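My request is simple: use the sequences and hints to build the entire structure.
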Amino acid sequence: MASEVARHLLFQSHITAKTAHTSSQVSDHEQKQKDSPRSLTMSGHVGFESLPDQLVNRSIQQGFCFNILCVGETGIGKSTLIDTLFNTNFEGHESSHFYPHVRLKAQTYELQESNVRLKLTIVNTVGFGDQINKEESYQPIVDYIDAQFEAYLQEELKIKRSLFNYHDSRVHVCLYFISPTGHSLKTLDLLTMKSLDSKVNIIPVIAKADAISKTELQKFKIKLMSELVSNGVQIYHFPTDDETIAKINASMNGHLPFAVVGSMDEVKVGNKMVKARQYPWGIVQVENENHCDFVKLREMLICTNMEDLRDQTHTRHYELYRRHKLEEMGFMDVGPENQPLSLQETYEAKRHEFYGERQRKEEEMKQLFVQRVKEKEAILKEAERELQAKFEHLKRVHQEEKLRLEEKRRLLEEEIMAFSKKKATSEIYQNQTFMTPGSNLRKDKDRKNSNFM
Amino acid sequence: MDPLRQSPSPSSSRASSPRTFSCERLGYVGIEAVLDQLKIKAMKMGFEFNIMVVGQSGLGKSTMVNTLFKSKIWKSTMPGLRVPMPQTLQLHSVTHVIEENGVKLKLTVTDTPGFGDQINNDKCWDPILGYINEQYERYLQEEILITRQRHIPDTRVHCCVYFVPPTGHCLRPLDLEFLQRLCRAVNVVPVIARADSLTIEEREAFRHRIQDDLKTHSIEVYPQKSFDEDINDKILNSKIRERIPFAVVGADREHMVNGRCVLGRKTKWGIIEVENMAHCEFPLLRDLLIRSHLQDLKDITHNVHYENYRIIRLKESHALPRGPGWVNLAPTPSPTPTGTRASPGPGKVCRWAEDDSDEDF
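If you read the protein sequences in the order shown, they are chains F and P.
Counting from 1, position 362 in the first sequence corresponds to residue 362 in the UniProt record's numbering; the numbering is continuous, with no gaps.
Counting from 1, position 209 in the second sequence corresponds to residue 209 in the UniProt record's numbering; the numbering is continuous, with no gaps.
A couple of the hints might just be wrong.
[Claimed, not checked] When the alpha-carbon atoms are kept at most 20 Å apart in a straight line, the in silico SDA-like pairs for lysine to any residue are as follows:
| no. | chain 1 | residue 1 | chain 2 | residue 2 |
| --- | --- | --- | --- | --- |
| 1 | F | K134 | F | K194 |
| 2 | F | K268 | P | Y28 |
| 3 | F | K296 | P | I312 |
| 4 | P | K41 | F | I222 |
| 5 | P | K104 | F | N57 |
| 6 | F | K119 | F | Q107 |
| 7 | F | K272 | P | V29 |
| 8 | F | K119 | F | D168 |
| 9 | P | K41 | F | T315 |
| 10 | P | K215 | P | I240 |
| 11 | P | K104 | F | V46 |
| 12 | F | K119 | P | Y28 |
| 13 | F | K158 | P | G46 |
| 14 | P | K104 | F | V56 |
| 15 | P | K44 | F | F238 |
| 16 | F | K160 | P | I312 |
| 17 | P | K41 | F | C303 |
| 18 | F | K194 | F | I222 |
| 19 | F | K194 | F | V229 |
Derived from the structure by calculation, the hints contain no laboratory data.
From a predicted model like this one, the values you see are computed outputs, not experimental measurements.
Listed below in structure tokens is the structure:
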């Protein structure tokens, strides 16, 4: 790509500018590296054929990690199948059918076989397909997968990181359990698989395959695959690029989806005990290839392609998530004029932007605050003034009342004085009239009588 | 996200440190087949190894590399016919692909002609450190791209073989300076070059003196003591540490000795067989570098030295890693941490004196 070459050359020129001591031979070296290096024959045994063994030893020391997500309705046989696959009774009890929402339950187990340690995480969907309204069924699953990618991305972006002993919790494979109706995919299945196919490797399996007869099974498989293809659902195909496993993988690709039966119960068949399910009409043997595809599933999932599943998860699904997440945050590799854009510049620009934004908001808030304070102050002042006015008014009224009352009191006192004076004089007068009692009275009487006449 | 939808059980969003249950398997599952899968994948991808040889001219570096990989990586130069001595230190890399029993190895050897050859050798380690850091930088740039390649080409120097001239006394100031600076950035394996000029006793004495010197100046050469993981590693590595630095002789000519064809140096007083343990310790070096510790060298470079470089780089940019085409406005910090960033001894992850909180998105 032209942009790649341009970027490379730009980088190259910066490097030669930086290290002034290093001669132009280094850029020659880069030229040489761009061309493929020449092959050399050795004249003796050097010994680096032990390199794969060294690699394997280191991996054994570190241990392996594998995460399986099982999606399917309650009671379809997810836990039993996992038990049968890994030949272990993982702890488990039957889940209830009455959960209001879909939950994901993850549990980690440590298995060991000869010198290989495997940290296996099984994630089960609890309550899938049980609700009456199933619209929100697949969102928790998508969220869980994204959360694992996010956790890994965060760890990878840290400054002080420790990736080599990080417990990788990203989902490596999703076993999707299809119920054996014999007809076609349910809408819920289609929707869920469509939302998961770009995030995880999906391997669809037909659960409880002992409920379908052989002829029906063939038709069912063909129908399922054609439905998946016509709806554009990308399921995981076993890789066929390496000759040692290409043939077997190609043939297995033709058997998808696997029809499986799971059972941990042992039944005596012939003279050995095999894992099987016993019915009155016969015994369905789990590990019999004629009865079900369980052995194929185990072969493909664990023995042949576990490493490829992990590889695909890391290089395809995780990279896709990472790219989307970083682009979402606004980081790009190439700027608007096809100039190589640096994360630094973008970050600085964004930082300025956010900083400016923050400043502005602070200003705004300050202003708002000041304004409010002013308003409140004004109101309070107003109230104070009013109060003052009222007080004055009341005082005045009170004074007036007081004056009036004083006035009245004075008047009253004057009246009282006048009255007492009158009383005194009338008493004196009465005493005088009592001295000459009859004449005044007769005179008064006569006068009164003469007035009448 | 609707909080009701999050399940009450804490393990639904992220198994941070999961409770792991040990389970008893009841039968064969086939997990160990994953080892074969790993091998197949590794063989298909091929391996990469980058080695650097440092030392004064005339110590037999090119011959040693040819002997190690049993092929003519370089034309060994005869004295006198050589091109005139380069005035400044130059770095010269060649890349070859060699194959053995289906295992492909892409080998890059970097030579440093002119090292320590001038009159004033001050700061002659700068170009070398610059080259090493440049490879780390390149890897870092590739790693932080948005759309990155499936397999990032690894040009980081995995091992630096330092040739000590066989004076017989002790490490010279140039050696000490160089080793001190380089041990913090890359795996260094010191060897005594041209060991055929020392007798066995002189060799042992020289070796002990060098070991004491290294200890006094706290120079940790490969295999570093602090990276031993378990008791097996410790035992294995202490055996190696007792013999470091190896006294080696390089030769790419074959001679007949007792009817066998061996690589050796023919002198008037005898033939020094390169692969004979009684004569020199070349087999030890070869085993260490190629047969037993190659993967370990790569791991330590990736997990420790590269991570330390990354931490420094990210911290000094105060922000996120830079994208391609970024112009270095501030001068690159001197590749030799002269004391401002004195790390208190290499640890699995370099712990700095200040306690910074992680800067993440």
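Now the hints, each set against the structure:
1. For the hint pairing K134/F with K194/F, the CA-to-CA distance comes to about 15 Å; that is within 20 Å, so the pair holds.
2. Using a Cα cut-off of 20 Å, the hinted pair K268/F and Y28/P holds, with the two alpha carbons roughly 19 Å apart.
3. Between K296/F and I312/P, the direct Cα distance comes to roughly 50 Å. Violation of the 20 Å bound is thereby established for this hinted pair.
4. For the suggested pair K41/P and I222/F, the alpha carbons sit about 32 Å apart, so the restraint of at most 20 Å is broken.
5. Taking the CA atoms of K104/P and N57/F, the gap is near 19 Å; set against the 20 Å cutoff, the hint holds.
6. Of the supplied pair hints, the one linking K119/F and Q107/F holds, its CA atoms being roughly 10 Å apart against a limit of 20 Å.
7. As the CA atoms of K272/F and V29/P are separated by approximately 19 Å, the hinted pair is consistent with the 20 Å bound.
8. This hinted pair checks out: K119/F and D168/F have alpha carbons roughly 10 Å apart, not beyond 20 Å.
9. Restraint check for K41/P and T315/F: the C-alpha separation of about 14 Å stays at or below 20 Å, so the hint holds.
10. In summary, the hint linking K215/P to I240/P is supported, as the alpha carbons are separated by about 15 Å, within the 20 Å threshold.
11. At most 20 Å may separate the alpha-carbon atoms for a hinted pair to count; K104/P and V46/F meet this at roughly 12 Å.
12. Using a Cα cut-off of 20 Å, the hinted pair K119/F and Y28/P holds, with the two alpha carbons roughly 17 Å apart.
13. A hinted pair counts as satisfied when its Cα atoms are at most 20 Å apart, and K158/F with G46/P does not qualify at roughly 30 Å.
14. For the proposed pair K104/P and V56/F, the alpha carbon gap of about 16 Å is at most 20 Å, so the pair holds.
15. Of the supplied pair hints, the one linking K44/P and F238/F holds, its CA atoms being roughly 17 Å apart against a limit of 20 Å.
16. With a CA separation close to 10 Å, the supplied pair K160/F and I312/P stays within the 20 Å bound.
17. For the hint linking K41/P to C303/F, the alpha-carbon distance of about 14 Å falls within 20 Å, and the restraint holds.
18. For the suggested pair K194/F and I222/F, the alpha carbons sit about 19 Å apart, so the restraint of at most 20 Å is met.
19. Note on K194/F and V229/F: the hinted pairing holds, with a Cα-Cα distance of about 11 Å set against a maximum of 20 Å.
Violation of the numbered hints given earlier is confined to hints 3, 4, 13; the remaining hints are satisfied by the structure.
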